[in-house]
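Colleague: Okay, here's what each chain looks like letter by letter:
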Amino acid sequence: MEDFADKGLQVVVGLAIFAAIIGLIMLVVDRAPKSGREKLQVAGFLAPALILLAVGLVFPALQTSYISFTNRNGEFVGLDNFVWMFTQPEALVTLRNTLIWVVLVPLLASSIGLAYAVFIDRARGEKALKALVFMPMAISFVGAGVIWRFVYAYKGAEQNQIGLLNQILVWLGQEPKQFLLDAPENTFFLIAVMIWIQTGFAMVVLSAAIKGIPTEIVEAARLDGASAWQQFRNVTIPTIRGSLIVVITTITIGTLKVFDIVRTMTAGQYETSVVANEMYTQAFRAGEPGRGAALALVLFLMVLPVVVYNARLLRKQKEIR
Amino acid sequence: MQKRVKQRLTSRRATAAAIIIAVIWTVPTFGLLVSSFRPEDNIKGNGWWNVLTDRQFTLENYADVLSPGGSQSPNLLSYFVNSLAIVIPGTVFTLVLGAMAAYMFAWGRFRGKDSLFIFVFALQIVPLQMALIPLLQLFTKVLKFGDFQVLPSGTYAQLWVAHTIFGLPLAIFLLHNFIAEIPGEVIEAARVDGAGHSTIFWRIIIPLATPALASFGIFQFLWLWNDLLVALVFSGGGADVAPITQRLAEIQGSRGGEWQRLTAGAFVSIIVPLAVFFGLQRYFVRGLLAGGLKG
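Sequences listed follow chains U and V, in order. Start counting at 1 in the first sequence, then tack on 62, and there's your number in the working numbering. Start counting at 1 in the second sequence, then tack on 1279, and there's your number in the working numbering.
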């Protein structure tokens, strides 16, 4: 109990310090002299966030970029780490897996989420149905890892199965299977977990977007005699395009950085590793920060086009406004 | 008319497909929940779907994972408290700082505003993995004066700051979208009355943006609760600071065959997010969507 009181005290002190800092900023921007007041106020509001970002993201990103050109002793080695990445079979498997992840997860999670949102739109019990599919979003990757390792659990053919999928195989008259061990299909079984988690997010956002479509448009399409499929293609999809892009972007970025699922289910063994996991392994386990940094840099380059595309959309929106 | 629309959209096949999806999405979790209440031998002996004929339930698994004990014991209660202690301040810090910056990006007047905003948005590009090593060095080597560490190791402080940093780009982006939609007349009127930015921010923006703050806050809460990577790097790993996800991952790694502990442990770890989720889900998306996600 003493232990918990100590922990509570830490939280209270932390919150108090934070409140004091914010209070101080507010006090200063309020009392600023008239000349240059606006500037000082802007600075006061932005500074905490921008300083944290500069120190915590911008500077580290630059430093990591530099580290990626050094070896384990910190000596400059040019492109060696990148050569390693694109020539070693293990590293190539990692890259290949990441590509499979980043294509399949956003595509399938968004499609299933969209289909489900359309299917249950205005159905009875819509809220409950939504909650069921959205629930995995609330579960940690680690928790999801446990859940799915249990679904995939393997026992020899002569034993009772405890994993649901193998039991289904047995019921169908098949041999039970080592879902997580057999490459290359084990990667797909890991991907299934990520889709299971992300679909709910896609579904909820897209469902809200569908509900935001003005009824007049839907009515007009209906009066024109459009079939359900035509309505979906020509009205629903174009109207919710913005949301669709946001959903796909978010899931893509999340997928590129995915780490916990692989880490907890196979630890990247049996040819299931992805860049994000390999980066952790190289930098923190194998003592090869240069290689880890190079992998992080490649990850960065993979996310880059996605974010640039979105930033351009954002800029366009701002110009319209 | 309502009825006809309904018939069109919910054809039988669509309903069937929806039910199949709902079942696939629910059964894995349900199986784990059932298993967590079964005695060890039963979990390992046959599948959870046999509970109808094999009706034995126990709370022993939970008692085992929660009770304090030696290093062999999962001792989850202590890690559970750590998770709370990490997540609550982490969420509050991100929300307040994110809202302050978002407000200035939406309503402040300064040069280069849009470019700076897009730069901040683009920071989502930086994978956490890139930032971890330098940030750790910063905390332990640079922010240190003699023996005094500004953010001491072995406390929650490093985790709070790290989580805040990593949450800020998205917080600023989403909250900005909402805050920018607040009608300009409201803010102009306050300005004419002589209100400064701090007054406008606390008296007008925060109350009006509550739905957005609530929904982003819930998401941030869930993300931090579910985090593993940041915890692995900054917590040091002991029962003093490390969150429950980290402990669960350890149990899974070292004793993956102990299904009775894993199932009960997994449920302890997801109970708070599930409670938050089911309790607050109506706030979830409404606020988040109001601003930015329009077509």
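It should be emphasised that the hints constitute simulated quantities derived from the structure, not laboratory data. Ideal placement from N, C-alpha and C gives every residue a C-beta, glycine not left out. You may find that some hints are simply not true.
To give a feel for the contact side, a few chain U residues facing chain V, derived at Cβ under 7 Å [as the list claims (entries may be wrong)]:
1) P110
2) P122
3) A123
4) K217
5) Q229
6) L361
7) M364
8) P367
A short list of chain V residues far from chain U (calculated; beta carbon distances all over 10 Å) [as the list claims (entries may be wrong)]:
9) P1318
10) K1323
11) Q1335
12) A1342
13) D1343
14) F1424
15) Y1435
16) I1444
17) I1483
18) P1486
19) T1489
20) G1515
21) T1542
Over the 12 Å line for every Cβ pair with chain V, so calculated as not near, a few chain U residues [what the hints assert, rightly or not]:
22) L226
23) F250
24) V360
Colleague: Next step is simple, just say for each hint if it's right about the structure.
Modeller: Hint check:
The interface hint given for U/P110 holds, since its Cβ lies 5 Å from the closest Cβ of chain V, which is under the 7 Å cut-off. Because the smallest distance between the Cβ of U/P122 and any Cβ of chain V comes to about 4 Å, under 7 Å, the interface hint for this residue holds. A distance limit of 7 Å between C-beta atoms decides the matter here; for U/A123 the minimum to chain V is near 5 Å, and the interface restraint holds. Violation of the interface hint for U/K217 is found here, the shortest Cβ-Cβ separation to chain V being roughly 9 Å, above the 7 Å cut-off.
With a cut of 7 Å, the hint placing U/Q229 at the interface with chain V holds, because the nearest CB-to-CB distance is about 5 Å. Hint on U/L361 holds. Least Cβ distance to chain V is approximately 5 Å, under the 7 Å limit. Violation of the interface hint for U/M364 is found here, the shortest Cβ-Cβ separation to chain V being roughly 9 Å, above the 7 Å cut-off. A cut of 7 Å between beta carbons decides the hint on U/P367: the least distance to chain V is about 10 Å, and the hint is violated.
V/P1318, annotated as away from the interface, keeps every beta carbon of chain U farther than 10 Å; the closest lies near 13 Å. Some Cβ of chain U comes within 10 Å of the Cβ of V/K1323; the nearest lies about 7 Å off, and the non-interface call is violated. Non-interface status of V/Q1335 relative to chain U is upheld: no Cβ of that chain comes within 10 Å, the nearest being about 15 Å off. Once the 10 Å rule is applied to beta carbons, V/A1342 is consistent with being away from chain U; the minimum gap is 18 Å.
With a least beta-carbon separation of about 16 Å from chain U, V/D1343 lies farther than 10 Å from that chain, consistent with its non-interface assignment. Its beta-carbon lying about 17 Å from the closest one in chain U, V/F1424 satisfies the requirement of being farther than 10 Å from that chain. Remark: the non-interface label on V/Y1435 conflicts with the geometry, its nearest Cβ contact in chain U lying 6 Å away (cut-off 10 Å). A cut-off of 10 Å between C-beta atoms contradicts the statement that V/I1444 is not in contact with chain U; the least separation is 3 Å.
With a minimum CB-CB distance of about 14 Å to chain U, V/I1483 clears the 10 Å threshold, and the non-interface call stands. At roughly 16 Å, the least C-beta separation between V/P1486 and chain U is larger than 10 Å, which holds for a residue marked as non-interface. Every CB of chain U lies more than 10 Å from the CB of V/T1489, the least distance being 18 Å, so the non-interface label holds. Even its closest Cβ contact with chain U, about 13 Å, leaves V/G1515 beyond 10 Å, as expected for a residue assigned away from the interface.
Chain U draws V/T1542 into its interface by the beta-carbon criterion, the shortest separation being 7 Å against a cut-off of 10 Å. The Cβ of U/L226 does not lie farther than 12 Å from every Cβ of chain V; its closest approach is about 6 Å, which violates its non-interface assignment. For U/F250, the requirement that its beta carbon stay farther than 12 Å from each beta carbon of chain V is met, with the minimum near 15 Å. A cut-off of 12 Å between C-beta atoms contradicts the statement that U/V360 is not in contact with chain V; the least separation is 10 Å.
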